[in-house]
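Colleague: Here is what each chain is made of, one letter per residue.
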Amino acid sequence: DAKTTQPPSMDCAEGRAANLPCNHSTISGNEYVYWYRQIHSQGPQYIIHGLKNNETNEMASLIITEDRKSSTLILPHATLRDTAVYYCIVRVAVWETSGSRLTFGEGTQLTVNP
Amino acid sequence: GAGVSQSPSNKVTEKGKDVELRCDPISGHTALYWYRQSLGQGLEFLIYFQGNSAPDKSGLPSDRFSAERTGGSVSTLTIQRTQQEDSAVYLCASSLSTGKPQHFGDGTRLSIL
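So the protein lines, in turn, are chains W and L.
According to the numbering used here, the stretch in the first sequence is residues 0 to 113, in order.
According to the numbering used here, the stretch in the second sequence is residues 433 to 545, in order.
Calculated from the structure, these hints are not laboratory results.
Be aware that one or more of the hints could be misleading.
Stated by the list, open to error - Straight-line Cα separation of at most 20 angstroms, SDA-like style, residue types lysine to any residue; simulated pairs:
hint	chain 1	residue 1	chain 2	residue 2
1	W	LYS2	L	GLY491
2	W	LYS2	L	GLY531
3	L	LYS532	W	LEU50
4	W	LYS2	L	PHE477
5	L	LYS532	W	ASN52
6	L	LYS532	W	ASN53
7	L	LYS489	L	ALA520
8	L	LYS443	L	ALA520
9	L	LYS532	W	GLU54
10	L	LYS443	W	HIS39
11	L	LYS443	W	SER40
12	L	LYS447	L	ASP495
13	W	LYS51	L	PRO533
Just so you know, these numbers come straight off a predicted model, no measurement behind them.
Build out the structure end to end from the sequences listed, making use of the hints.
Modeller: Written out as structure tokens, the structure reads:
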């Protein structure tokens with residue numbers, strides 16, 4: 000799977016949009032971009048994923064650049080409960096056995112401040 | 433509906449003892465994964481089950497580690513003759529099928545004294 004690069008930490012004011020960047024310049028055409036987050040002492044939580052098009056769900060929006068070499072996760076109105084480590088993961092879409100696992104990097108520690 | 437359930441939530445045991453960790457996946461999910469997360473580290477893949485296929489055991493760190501999934505549902509991860517380096521949070525995840533988003537439990541925090 001392609002390697003991802005994220006800033007180690009970010010701060011955001013409560014109620015403002017949080018924009019978390021991720022670089023994945025070596026991504027292949029058959030690889031999805033996944034975002035998870037991990038709140039302290041909990042298991043990782045799935046947020047959103049996409050291949051080429053921008054995606055939106057009830058939690059967040061995912062913006063993928065046209066060349067697919069980077070993406071941004073947007074939390075439109077951050078709350079204190081969004082404080083967590085956010086992981087950007089690139090995952091092969093070919094359903095071979097080795098493509099099943101998730102490989103988590105260091106992620107971005109997002110701190111939402113009151 | 434209920435999410436992935438893991439038990440126990442915490443386990444403290446002495447070095448050399450065997451431990452069993454349990455995972456109840458989301459109902460209807462055919463794929464089940466075990467990971468572990470050491471303090472301050474990222475997730476390390478351990479093993480993967482998909483339906484009735486042979487499991488992918490390539491992530492198991494030693495032959496002291498084993499896992500089974502009976503009836504295509506509940507899974508048990510067993511660690512024999514535990515060592516201090518086995519101390520970690522053991523996370524289970526399930527997904528509707530291979531390639532679908534994985535949903536995690538809150539893990540079992542294992543401490544080896």
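Colleague: Please flag the earlier hints that this structure goes against, numbers listed from lowest up.
Modeller: Violated hints: none at all, because every hint is consistent with the structure.
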